[in-house]
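**Q** Each chain is listed here by its residues.
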Amino acid sequence: MSTSEVVAAPPAPEAPLAEPGFWTRWSDRMNPILVREIQQAMKGRAFVLTVFVALAISTVIAAAVAGNHESMPRAGAEAFNAGLATLVPMVLFVVPMQAYQSMRLELRAGIVEQLFLSGLRPRSILFGKLMAALVQFALYVSVMSPLLATSYLLRGVDVPTIVVSLVLALVFCIAATSFAISSAAQAILPAMQAFANLGAALVLGIGTFSLVAYVGSGEYSRDLPWLLRSNEFGIVMSLIVGGGLCSTALSLLTAQSFLLHSFENRSTGFRVFMFAMIPVAFGWTWIFVPATYWDGAVPAATFFLCLLGAVFGVFMTTEQRALSPRVFAHVPRSPLLAAIAAPLLPGRDRGMSCLILYFALVGLLALCWWPPAPPAPSGWTYREDMFRLLLFTGAYALVYLGLAKALRSRLPASVMGNHVARFLVVIMLFAFCLLPVLIDAFTRGRVDWHWGHAMNPFWTIERHAFRTRDQSPNAVPIALTALCAAAALQLPAMLRGFAEVLGASSARQRRQAGTAVQSAGT
Amino acid sequence: MTPLLEVRDLSRSYGKVQAVRELSFAMARGQVTGFVGPNGAGKTTTMRIVATLDVPDRGDAFVDGVSVLIEPRITRSRIGYMADQFHPYPNLDVLQYLDFFARAYGLAGRKRLQTVRLVASFCGLLEFADRPATGLSKGMGQRLHLAKTLLHDPLLLILDEPASGLDPRARIEFRVLLKELAAAGKGILISSHILSELGETCDSVVVIEKGARIVAGSIAEMQQSVRHEQEVLLRVLRDAEAAERFLLTQPGVSQVTVDGSTLRFLCTADDQALGELLARAIGAGLSVVEFARTEADLEDIFLKTTKGRLQ
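Quick note, the sequences are listed as chains V and Z, same order.
Quick note on numbering: the first sequence equals residues 1 to 522 in the numbering used here.
Quick note on numbering: the second sequence equals residues 1001 to 1311 in the numbering used here.
FYI, nobody ran anything at the bench for these hints, they're computed from the structure.
Glycine included, every Cβ here is placed at the ideal spot set by N, Cα and C.
Don't take each hint at face value.
Unchecked claim - Reference excerpt, derived from the structure (chain V facing chain Z, CB under 10 angstroms, subset only): (1) P32; (2) R36; (3) Q39; (4) M42; (5) G44; (6) R45; (7) E113; (8) L120.
As the list claims (entries may be wrong) - Lysine to aspartate or glutamate pairs mimicking EDC-like chemistry, simulated, CA-CA at most 20 angstroms apart: (9) Z:K1210 <-> Z:D1239; (10) Z:K1210 <-> Z:D1300; (11) Z:K1210 <-> Z:D1009; (12) Z:K1210 <-> Z:D1060; (13) Z:K1111 <-> V:E264; (14) V:K43 <-> Z:D1130; (15) Z:K1016 <-> V:E264; (16) Z:K1111 <-> V:D28; (17) Z:K1138 <-> Z:D1167; (18) Z:K1016 <-> Z:D1054; (19) Z:K1210 <-> Z:E1161; (20) Z:K1111 <-> Z:D1153; (21) V:K43 <-> Z:D1093; (22) Z:K1210 <-> Z:E1241; (23) Z:K1138 <-> Z:E1161.
What the hints assert, rightly or not - Computed far set for chain Z versus chain V, every beta-carbon distance over 10 angstroms: (24) Q1018; (25) R1021; (26) L1136; (27) R1238; (28) V1258.
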C-alpha cells in the first residue's frame, strides 16, 4: 500500500458557514470551562439522574405534607425542614463531588496541561468549575423551591428565614465546592492522591451528615428565627459568610498552586493571603463587632491570626531554599522594589523573614488596639496577660519553625521533600509534647510541669503565661531571650535570602541591558 | 536569522536523576526535526520544558527568540504541544471538543466556527464530527489531538511520540499530515521510536542519550558522518568464493560476509576508490551484477551514536 493510496480523498465541497446563532454569540462571553461543563452535563446521565431524584423526593415530601391537615404551620415547618434537609446533601455533597470528579478528570493524563497551553489560566479553570457548581446549585434550588414556597404559604416559616437559609446554603456550597476542587487538584501529586480522596470524602461526608441531622431534627428552624431577632445576627452572619469566602479563597489558591506549580517553588500567593488576613480579621472586628464586645473579640482575632501565622509558617519554612528559575527571572529590576518584595518571594529563608514581619505586624496592631479591660483577678491587666501570650506564642513559633527549617535542610530539595518535612514537623511537635509526659508517667508515677516539658508549648503557655507574677518570675525574660536567640540564629539565613533576591534583580538588570545593546546593534 | 527553536544549555534533574544535562540544539523555520534517544534519555522532559510545562534548573529555550522561562505565555501562543497520551472529555462530540479548545484559545464567533471546521477538515475529521470524542479509534484520536494542537495556528509543533500505538495505515496517514504541515511552513519537533518513519519525515535529527546531546544535524550530514566505514553490497552471478578471496586482498576492505551469491563488506574508501575497486573486480573476471553502497538509515545512525545506556 503506497502512501498516495492512503491519503484521504479531498474533502467534499463544504456548505457555506452560517452566521453564529444567539447562543454561540452569547456563550462567547462565558468561561469556556462553564460552557463545556454544561454541554457535558446535558449529555451525561449522572446529572439528569440526580435532578430526577431531587424532583422525586420533593414530590414525596409535598404529598406527605398535603396529607397532614391537622396544623398548617406545623406542616409548613416540617415541609421546610424536609426540603432543606434534602437540599443540603445536594448542595454540600453532590455538587462538590461532581466538581471533584470533574477536576480529577482534567488531571487524568495531563488534560489540564493542554488547557494551560491555551489561553486559560488556572484561575479561569477554577472559576469555570465554581460557576458550573453555581449553575447546579441554582437548578437544585429551583427544583426544591416549590416546596419552600409551600412551607411559606402554610405559614411554617417566614421569608427572612428562607432567604437566610438559601444564602447560607450558597455560601456553604461555594466553600465545599472549592474545597473539593482543591482536594482534587492536590491529587496531581501521586503521593497526595490517597490523602485528597480521603480528605474530600470525610470532610464533605461528615459535614453533610451533621448538617442534615441539624436541619432534619428541627433545631435549625428553631435557632434561626431566634438569631434573626437577636443583636448577634450581624456578627454571626458576617462571620459565616466571611469565613466561607476566606476558605474559598484559600482553597482556590491551594488548587491553583498545585495545578500550575506542583513541581515549582511558588508560594507568594499564600504569603499575600496571610498578610491580607490581618486587615480582614481586625476589620471584621472593627466593623461588625460592637465596641462593648472588643475585650473578647480583639484577643480572639489576634489569637486567630497567630494560629494562622504558625500554620502558614510551617509551610513557609519547609519550602525549597532557592528561587525557582522562573521566579528568579521575574524578580523586580529595581533593587528597592526587590528588597521590599523579598519576604513575599518563595524560599524558606525568606519565609522566616516573612513570618517575623507578620508576627511583628499582628503584635503591633493588637497592642495598639488593645481594649482597656479591667484588671484580671490575679492583679494583671488583660493587656499584660495577652502581651505575655503573644510573647510566648511568638517565641515558640520561632523556635519550632527554626527546627522545621533545620529539618527541611536535611531532606532532598524537591517538592516531595517539602511535604515530608511538613509531616515530620507535626510528628516532632507531638513527640516533644508526649514523650516527656510518658517518661514522667512511667518513671515518676505522676505528671507535673518541669523543665523537661519546656518544649510543650500548650502546657507551658497555660502554666506560665496566665499565672501571677509570683508563680513565674523568670517566664517573661526567658521567653524574650528565646525569641531573640531564635531570631538571631535565623539572621544569616534571612540575609542570604535577601541577597539572592538582590542578585536576581541585578541579573535581570544585566539581561535587560544586554538586550538593549543587542537591539541597538541590530 | 533567529532560529525557530533554540535550546541553550538546558539542564533538569529530578532528585538524583539528571534527566537533561546541558542540552543545546537549534532548528530552523519550516524544518522537521526528529528527536531521538533511548527510553529515559530526556526527550519528553526537554519537550515539556520547551512547551513551558516544566522549568529547567539551568539554561533556557527560545521559541522564535522568546524565552520559555521569561515569557511563557507568549511562547504558548507560538507552540502546539501534542503529548504522548490523549484522553478526550466524555460526553462531548468531536466538533464540541474542538470548539471547547478553540474557545480556550480565545477564538470567538464566526472565526471560531471557521477555524474548527477548517482544522477538522484538514485532519479528516469532518465525517466524524458528531461522533463522541471518546469513541474514536486510536488513529482518529491522534488526528483529533493534532487538530486541537493546530487550532491557534502555532509556528512550532512539538509532537511527543505521535505515532505510538497506531496501525501502519494510520501511521502513513499521520505522516502525510505532518508532511503537509511542514510544507505549510510549520516547524516540527517530533520524537518517535519508529526511526524508519522519522527518517522519511525529518530534515534533521537530534540524538540524545542520558540527557546529553550525542549528535545533531541534517540527516545527510549524519549519513556522511557514519559513512567513514560504510557497508557495501556486491552480488555476483557465480563463483562467490573467488569474489571473497578477491575482496580480502583489497586495501580498506574488512568484515566480508557471504550469503549465497551476495557479499557484504565494510570499506573505508571514498566514492572514487569504490569505483576503482569495482573496475578491479571486473578486471579480475568477477561476474558482477550488483555493486552498491548500503545507505546508513536513521536506525544505523542511532545505533552507532548511542550506547543504549539508561538512567
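**Q** Each hint needs a verdict: does it hold in this structure or not?
**A** Hint check:
no.: 1; hint: P32; result: holds, 4 angstroms
no.: 2; hint: R36; result: holds, 5 angstroms
no.: 3; hint: Q39; result: holds, 6 angstroms
no.: 4; hint: M42; result: holds, 8 angstroms
no.: 5; hint: G44; result: holds, 5 angstroms
no.: 6; hint: R45; result: holds, 9 angstroms
no.: 7; hint: E113; result: holds, 5 angstroms
no.: 8; hint: L120; result: holds, 5 angstroms
no.: 9; hint: Z:K1210 <-> Z:D1239; result: violated, 48 angstroms
no.: 10; hint: Z:K1210 <-> Z:D1300; result: holds, 19 angstroms
no.: 11; hint: Z:K1210 <-> Z:D1009; result: holds, 15 angstroms
no.: 12; hint: Z:K1210 <-> Z:D1060; result: holds, 19 angstroms
no.: 13; hint: Z:K1111 <-> V:E264; result: violated, 36 angstroms
no.: 14; hint: V:K43 <-> Z:D1130; result: holds, 13 angstroms
no.: 15; hint: Z:K1016 <-> V:E264; result: holds, 17 angstroms
no.: 16; hint: Z:K1111 <-> V:D28; result: holds, 11 angstroms
no.: 17; hint: Z:K1138 <-> Z:D1167; result: holds, 9 angstroms
no.: 18; hint: Z:K1016 <-> Z:D1054; result: holds, 17 angstroms
no.: 19; hint: Z:K1210 <-> Z:E1161; result: holds, 18 angstroms
no.: 20; hint: Z:K1111 <-> Z:D1153; result: holds, 13 angstroms
no.: 21; hint: V:K43 <-> Z:D1093; result: holds, 10 angstroms
no.: 22; hint: Z:K1210 <-> Z:E1241; result: violated, 45 angstroms
no.: 23; hint: Z:K1138 <-> Z:E1161; result: holds, 13 angstroms
no.: 24; hint: Q1018; result: holds, 13 angstroms
no.: 25; hint: R1021; result: holds, 15 angstroms
no.: 26; hint: L1136; result: holds, 15 angstroms
no.: 27; hint: R1238; result: holds, 36 angstroms
no.: 28; hint: V1258; result: holds, 34 angstroms
In terms of the numbered hints stated before, the structure departs from hints 9, 13, 22, listed from lowest to highest.
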